[in-house]
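If you read the protein sequences in the order shown, they are chains W and B.
Taking my numbering, the leading residue of the first sequence gets 384, the next gets one more, and so forth.
Taking my numbering, the leading residue of the second sequence gets 65, the next gets one more, and so forth.
Hints in this document: simulated from the structure, not taken from any laboratory.
Just so you know, not all the hints are guaranteed correct.
[Claimed, not checked] The calculated label-pair distances, taken between Cβ atoms and stated as ranges, are:
(1) B:H167 x W:M563: 34 to 42 Å
(2) W:A407 x B:A82: 30 to 38 Å
(3) W:E785 x B:A471: 33 to 41 Å
Keep in mind the model is a prediction, meaning the values are calculated, not measured.
Cβ coordinates follow ideal geometry from the N, Cα and C atoms, glycine included.
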Amino acid sequence: MPMGHTATQQAGSGGLTATEHRLANGLRVVLSEDHLTPVAAVCLWYDVGSRHEVKGRTGLAHLFEHLMFQGSAQVKGNGHFELVQGAGGSLNGTTSFERTNYFETMPAHQLELALWLEADRMGSLLTALDDESMENQRDVVKNERRQRYDNVPYGTAFEKLTAMAYPDGHPYHHTPIGSMADLDAASLEDARAFFRTYYAPGNAVLSVVGDIDTEQTLAWVEKYFGSIPAHDGKQPPRDGSLPDVMGKELREVVREEVPSRALMAAYRLPHDGTREADAADLALTVLGGGESSRLHNRLVRHDRSAVAAGFGLLRLVGAPSLGWLDVKASGGVEVPDIEAAVDDELARFAAEGPTPEEMERAQAQLEREWLDRLATVSGRADELCRFAVLFGAPQLALTAVERVLDITPEEVRAVAKARLHPDNRAVLVYEPTAPEAAEADVTAEETETAQ
Amino acid sequence: MSDAAATMTFHPQPQPGAATPWAFPAPERGQLPNGLTVLRCHRPGQQVVAVEINLDAPLEAEPAGLDGVSTIMARALSEGTDKLTAEEFAAELERCGATLDAHADHPGVRISLEVPASRLVKALGLLADALRAPAFPDGEVERLVRNRLDEIPHELANPARRAAMALSAQLFPAGSRMSRPRQGTEESVERIDAASVRAFYEAHVRPVTTTAVVVGDFTGLDLDAALADTLGAWTGSPAAPRQAPPITADDTGRVVIVDRPGAVQTQLLIGRIGADRHDRVWPAQVLGTYCLGGTLTSRLDRVLREEKGYTYGVRAFGQVLRSTTDGTGAAMLAISGSVDTASTGPALDDLWTVLRTLAAEGLTDAERDVAVQNLVGVAPLKYETAAAVAGTLADQVEQQLPDDFQARLYERLAATGTVEATAAVVNAFPVDRLVTVLVGDAAQIEEPVKALGIGEVTVVTG
Numbered sequence: 384m385p386m387g388h389t390a391t392q393q394a395g396s397g398g399l400t401a402t403e404h405r406l407a408n409g410l411r412v413v414l415s416e417d418h419l420t421p422v423a424a425v426c427l428w429y430d431v432g433s434r435h436e437v438k439g440r441t442g443l444a445h446l447f448e449h450l451m452f453q454g455s456a457q458v459k460g461n462g463h464f465e466l467v468q469g470a471g472g473s474l475n476g477t478t479s480f481e482r483t484n485y486f487e488t489m490p491a492h493q494l495e496l497a498l499w500l501e502a503d504r505m506g507s508l509l510t511a512l513d514d515e516s517m518e519n520q521r522d523v524v525k526n527e528r529r530q531r532y533d534n535v536p537y538g539t540a541f542e543k544l545t546a547m548a549y550p551d552g553h554p555y556h557h558t559p560i561g562s563m564a565d566l567d568a569a570s571l572e573d574a575r576a577f578f579r580t581y582y583a584p585g586n587a588v589l590s591v592v593g594d595i596d597t598e599q600t601l602a603w604v605e606k607y608f609g610s611i612p613a614h615d616g617k618q619p620p621r622d623g624s625l626p627d628v629m630g631k632e633l634r635e636v637v638r639e640e641v642p643s644r645a646l647m648a649a650y651r652l653p654h655d656g657t658r659e660a661d662a663a664d665l666a667l668t669v670l671g672g673g674e675s676s677r678l679h680n681r682l683v684r685h686d687r688s689a690v691a692a693g694f695g696l697l698r699l700v701g702a703p704s705l706g707w708l709d710v711k712a713s714g715g716v717e718v719p720d721i722e723a724a725v726d727d728e729l730a731r732f733a734a735e736g737p738t739p740e741e742m743e744r745a746q747a748q749l750e751r752e753w754l755d756r757l758a759t760v761s762g763r764a765d766e767l768c769r770f771a772v773l774f775g776a777p778q779l780a781l782t783a784v785e786r787v788l789d790i791t792p793e794e795v796r797a798v799a800k801a802r803l804h805p806d807n808r809a810v811l812v813y814e815p816t817a818p819e820a821a822e823a824d825v826t827a828e829e830t831e832t833a834q
Numbered sequence: 065m066s067d068a069a070a071t072m073t074f075h076p077q078p079q080p081g082a083a084t085p086w087a088f089p090a091p092e093r094g095q096l097p098n099g100l101t102v103l104r105c106h107r108p109g110q111q112v113v114a115v116e117i118n119l120d121a122p123l124e125a126e127p128a129g130l131d132g133v134s135t136i137m138a139r140a141l142s143e144g145t146d147k148l149t150a151e152e153f154a155a156e157l158e159r160c161g162a163t164l165d166a167h168a169d170h171p172g173v174r175i176s177l178e179v180p181a182s183r184l185v186k187a188l189g190l191l192a193d194a195l196r197a198p199a200f201p202d203g204e205v206e207r208l209v210r211n212r213l214d215e216i217p218h219e220l221a222n223p224a225r226r227a228a229m230a231l232s233a234q235l236f237p238a239g240s241r242m243s244r245p246r247q248g249t250e251e252s253v254e255r256i257d258a259a260s261v262r263a264f265y266e267a268h269v270r271p272v273t274t275t276a277v278v279v280g281d282f283t284g285l286d287l288d289a290a291l292a293d294t295l296g297a298w299t300g301s302p303a304a305p306r307q308a309p310p311i312t313a314d315d316t317g318r319v320v321i322v323d324r325p326g327a328v329q330t331q332l333l334i335g336r337i338g339a340d341r342h343d344r345v346w347p348a349q350v351l352g353t354y355c356l357g358g359t360l361t362s363r364l365d366r367v368l369r370e371e372k373g374y375t376y377g378v379r380a381f382g383q384v385l386r387s388t389t390d391g392t393g394a395a396m397l398a399i400s401g402s403v404d405t406a407s408t409g410p411a412l413d414d415l416w417t418v419l420r421t422l423a424a425e426g427l428t429d430a431e432r433d434v435a436v437q438n439l440v441g442v443a444p445l446k447y448e449t450a451a452a453v454a455g456t457l458a459d460q461v462e463q464q465l466p467d468d469f470q471a472r473l474y475e476r477l478a479a480t481g482t483v484e485a486t487a488a489v490v491n492a493f494p495v496d497r498l499v500t501v502l503v504g505d506a507a508q509i510e511e512p513v514k515a516l517g518i519g520e521v522t523v524v525t526g
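Bound conformation, chain B alone (with noise of 0.2 Å):
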């Protein structure tokens, strides 16, 4: 068609203008008497404030057989306090215009409150009743464990979320952790009670150990007086350091497919573990795994989304599991996607040629050129609310970074060669150290599968 073509004016593209400079946020780090630790960061114009709670409260201090108890504990804070029950606590909440949310996860117990600017205060001395004097009543809790046993058959169902369990499951060893869901099983969930959950919350939840990140426009607020009756009011006890075991796990290539017949897609998850944000490799490998599959003209999109057609799209990732200054960390490195069923198949086939071809011939410096300008360029765009700068210090927090980590990376992107991008997306995808979940049919793919020769085909049922 030559239409339109014919009649409308065409220009050149574009050349940039001068960039205006723009810098990740440093927070101003204090302390409450009480021993909280506080980073505050003023945001003009961010009307809705972001409280970001870190409680040094991992999974791995969960007592044996009660997995999902921090869990609990954390959905059970905000059931009720010593001034208000649970639905009066609730309801005031609301009544804030408040959003208050609460998960455990491997390194510790994350709440994320927004609010707008002028109703913090308010929201901030809930906040603070909820650490400070959790009612946990047992009715309360009792329902909170019945209604996340009801949760895990639709996390089952999941294809996603059974692919991401069953990974754990074969990467690491049975008595760590990390090989068992986050959130508990119905079997250990079973065990939990009232008390079960005020002895985790009394032997890990206290002011010394845990972090306020608070971000947001604060014109016309006194965050200091705000904070001094609010979590200042919360007391403890001292804590004894804690020491995070090392993470291990088995990667040798296998395949584990979990039957879901009649599926219409193959869910993927192909993963293993590798460097964490405290390596000095951390830089390379976000650059070389995007340019691997951070985006629909990554390598992995380019073959299997827009030349094959096979999925929606497909991902490559880092995703810290546990982050620490003694370098014991470990991020699990994954690829993961749907693929319709028939093309199963052909679809790791190619997957695996673009992991053997970029092994052979490594990354091009256009692909690493236009990795780094947009890892670096979107910061300003990424970091636009305060819910954003919120959870990424509350990340660092957790992760032991200094509070300029973020800030940093932007420039150790910068000064990462093709080279190293290469050595570290090459080193943390190695194709014969990849174990591969997949969540599909496996009537019509385990032959497919097999021929490929990934690895040892397991299959389970769904």
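For reference, chain W alone in the conformation it holds in the complex (with noise of 0.2 Å):
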């Protein structure tokens, strides 16, 4: 077994356990007790993201996801967020492609309070949701896009990868964040049509992690969310499936008022839930994840070309994942050098595969990951919910660092060669421009298609 480099006795799972149950409506309910500290946290998966979203209308889901803020049947207004912080929790709730999440952490003796609110808007938002809230958080929505995105250097890189990395019609073609354009357009009606699909006991997952008790947190589940009655309006979302690689490489060249060149590029990578995404994820962090990284120590320490250079991915199980470079070109460098540097790289680790010893360190980073992810009650909550709702098992979420340290250097290589590739990647390229001429030249952008 190539397991030799654990971290920790049992690999991860630092004997967690979770227990897996099911309401009548169809709520799946997943709980784990850790005695340790007096918190628990409640965190509630529902299946829908932006993938569900249809033409005209992207950005729902997350627009969506404020309104669940907005009160319900037994909470006004901002009650939600007035109750939790006011017990001493903290909340939110996140959107992305293929989720919607909302999650509070208590202290343990508040529990009880939090799984009455979220069954208080799952079981009755509508009897709430009016005009003056939609228009409200309409404008809210816009001005977080523009904060995170609009307003920010390179701010829209990721949705422009996206847009050329999923086709026109795919349903991951678009981000979670949504196009202005539909934000305006998006109604009352809309709203509320989406809640009656997808705000199902039946299409969610509750977990319970912390300092309980499972006898009585499955009661006051049963209590607060049992008698939502179940309701399975929801369609499967489109199809997602694409072919393993693009087959050609696609480029788009922005010309825009940021600081300094940039070369982004969107690999296509294999499914979550697979052998390969973990590969991938350790061929990821080999080639760009830290200090120690292809990618860093040719780019920025050697070359000295880059300001900063690594990879990221984005795991997905409806489509095709994504790897996500990102060098910002140090002055007076140019583009092609860069991309001839990070070729030369890419095709030599497809070559040759990983060293034992950088296979070692990526599997002791990726390793340390986990442990933080695990390390507090909410972070535990949100894993038990994604493996749930993605892969319909939980429990697999208290083994995924064992996975990932059974992967081997060949199957490392092996998806390298076949995925980190010029033909299986958008690029996407910066080039500053003055302020005056960005200002003449908004519209600007150019696209070209790479023979």
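Could you use the hints to bring the two separately framed chains together as a complex?
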């Protein structure tokens, strides 16, 4: 077994266990006791994300997530936030391509409140949802888009890469934030229909982790969620399958006011939940995951052509995962020089694979990342929901590290050879313009397709 | 809609159970024979151990014209030792599954190590070598300097970073280190070389003025032996006591617009300096500031976000710049956020109305109660990880506070009344003593902002 480097005796699970339950209305429940600290995390994943949105309504899943905090039958206005914070808890919600999650971390003696609040909005949101909330949160979300994407250098890079990597009409072609035009177009009726379609107990997984009593918690879950009627109007998401590789390189050059040239690229990678995805994670870590990675050593240390260089992995289940290369150029360096060096490193890696030392370092890094994620009750609750919603098996969260440590160097080389080459990527190049030019030329993004 | 409501059974809001007592962990304080101070804290279940190192190397100590040398030194500590080259060091550290971050700030340099407990001893050895025998190779330092120069345009382009730099330049006297960017300017960084980095290290880095905070699950670990073999092997000379200059600032109400033609939002940063953590008013200031802008149900977001939709969120906060027992410290008290360009004037108008109303009418008892319940109640959540506990303990050391400061702060917050919290926040944010920095499109926002009468308006290029 190539598992000689585990940092902990039980490789990540740390002796954690979880139990699984299902209510009559279809709500799946995962519970995990840990009495070290008097806190309890509640996490609720709804199996709906931006991939379920239709053309002309991008951003609806995320806008809807905001509306979930605007009150329900027994919770007035901002009451969800007020009650949780007043109880010494913290909370939020997030929306991604494949799911929407809501979470509260509470002092353990306030757990029942969080369950009551989540049940109230799952069962009765529409009694409180009105035009005033809709108009207000539409403006808030548009300002979120401006703050996080439109008013930041390179802020729309991910959106542009995604749009190239997943073709027009593909459910992952657009990102969860959506477009300004579609946010403007969303109606109250759209939001109501979205709730009726997707916010059903059978389309959700609830996890509770921490200083809890399993039996008591299950009784509370039954009491508050048990009477929410089952309904299943949900349509399956549009098919996200694509060929394993793109077949040819796609390329876009953006000329706008950014501080330096940049080379970014999105590679199409194996679906999450496969050995190949774990192998790809290790490949990206060896190549671009830290200060001892190949790209950092080559571009930042040796060539001194980049300020920063790295790879990230977006794991996806309903479509190919995405490997994201991000290199910010040093002053005066041209993008083709960086690109040639990147291609050189990728080709060498595909031919040789990782060294034993690189393999050990990459596995140690990914192991620590898992330990970090499982170090808090909220992190654990989120991972249990993730594996329950996406793979139907929450227990897999507790053994994820073991799977990463089981990958062989040959598997890492194989996935790099199959996927990390120019014919399987969308490239985004940034060329800075002077401020005046940018103002006169705001729509001058050009698209080029490589031969 | 009543379809769902008609079929779900509603229950009254549940009441809380009995709270389990929780206290901020008390560290065990000790000293190694070389004078290095150690704070340790065993946290069962925390398999990733956090180590925080405080070096008494304040930015104030940087030689004239060499702003940024402390930052470069902090980064260069991990660029090779007497045993390993820079690349070997990075590889060995990652082989431990460790992360190591170092940064220089006004009170000193902080180094943060996180590593799985089973590999702590190995990683502590690397950290100790970095502190004891950094190689500071010419080539690596030169590369770090160039890399730092390349970072500067990225920071200037970021609206929030640009606003913070402009506010510091406005508030503090031109000769003060606090008026200038923490990590240096293009002009000052260009002058830094391996010799200046080594000189700064030799003048300011030694075991007697260093503290190590170690937090995590120590089960099965001989921490004493590990510390003795690693950080204990470092030797150095004694240090002269350090005197920090008092912090002064000009908070005459005024507005500076950093011009960004075409910007779709305006970044706001409105601030001044005020009481730090040695001041008795600190708990009341924390409480009052939370009521003003700690969360989206606080006064500012209730209007600017949840009523008007001008912003994704505006926060008020107090951030310690330097805090010392002699009382010469200060905290930056500020309100920050971003609003869409067209709403800049109306948003600032509402913001000032919120401040004036607060000064005229004060906080309510209900607001105060909810704030206390949150600030005290979240403690066990906030300090679940070793890194969170280590960070707070290291802050206390850096700010010359007793080891039980955070633990006592919860009692002090609970004992703070509505009147005290109101007085503290109104004193912290007086409407006529706030410096406003706006990073945005001057052509669109200058006139509406002038019309508000919140101070003289100056436009500078972005």
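Against the structure, the hints:
no.: 1; hint: B:H167 x W:M563: 34 to 42 Å; result: 37 Å, holds
no.: 2; hint: W:A407 x B:A82: 30 to 38 Å; result: 32 Å, holds
no.: 3; hint: W:E785 x B:A471: 33 to 41 Å; result: 39 Å, holds
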